[in-house]
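Residue numbers for the sequence shown follow the numbering used here, so the first one is 1 and each next one is one higher.
Please note that the accuracy of each hint is not assured.
Said to hold, decoys possible - Dumping the calculated DSSO-like pairs for lysine-lysine here, alpha-carbon to alpha-carbon at most 30 Å:
| no. | residue 1 | residue 2 |
| --- | --- | --- |
| 1 | 41 | 56 |
| 2 | 28 | 41 |
| 3 | 80 | 124 |
| 4 | 141 | 172 |
| 5 | 172 | 28 |
The set of hints was computed from the structure by calculation and includes no laboratory data.
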Amino acid sequence: MVNVGNLAYKRYARIYRRNNATTALPIKVACITDLDIWPLKAEARNDNPIGFKKKKNPNTSTGAKGNLRYWQDHYDTPEKMKNHLDMKRGIDGDNVKTFVSNDWTFEYCLCKYGLAESVYESIKADTDPVYSSLPEDIEEKAIKIYGMIENKGSGKTEATYKLVNLLKSKYKDKPSEFRALLPSYIIEAIAHVTEPFPELAAAAAATGDNHV
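Please model the entire structure based on the sequences and the hints provided.
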């Protein structure tokens with residue numbers, strides 16, 4: 001496992017691609033990356049208590065590009081979304097496959113798909129409200145927690161170690177229960193480089209997708 005932290009992972013992945021060969025290298029590689037599309041509810045507005053991302057329009061006088069291309073409403077057609085995903089998966093081929101997060105980022109997906117309480121517990125300060133006081137809506141709750149994560153700054157590393165220890169404690173000897181709370185793209189990435197989980201193997205047989 002290699003944590004690259006930027007788009008340089010594509011250079012590493014190319015090592016496992018053959019330029020001119022009839023057979024692929026017998027090494028499976030899973031590249032995990034963020035979707036990087038911001039949900040509309042994350043916009044910082046006076047009428048939105050959970051928003052923390054400021055929407056910025058292009059500025060013709062300064063040449064600033066703004067950030068509209070990151071927002072969900074920018075991808076308002078299937079073609080735009082497909083192009084975005086195709087760029088993310090541009091290195092794919094042979095036994096190399098890119099797994100893009102179901103939503104925004106890895107941390108956001110952890111919150112949205114089942115581990116919100118554990119993530120919140122790992123970042124919560126003594127002055128923060130209790131978990132039960134967070135929004136009931138799953139998306140709004142995930143946005144609220146992810147906003148707190150982004151504001152952590154240098155404290156992110158400490159929170160990560162705390163989360164790891166929490167998950168080890170909660171789900172020791174409970175692999176199926178833990179797997180049910182993970183985003184699907186993480187499960188698929190693990191299955192790609194190890195061996196398919198039974199439910200993924202069934203899906204592969206049904207769809208003809210040999211990657212799972």
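A quick look at each hint next to the structure:
1. 41 to 56: Between residue 41 and residue 56 the Cα gap is close to 15 Å, so the pair holds against 30 Å.
2. 28 to 41: violated, 37 Å
3. 80 to 124: violated, 37 Å
4. 141 to 172: holds, 26 Å
5. 172 to 28: holds, 28 Å
The structure does not agree with the numbered hints 2, 3 stated previously, though it agrees with the rest.
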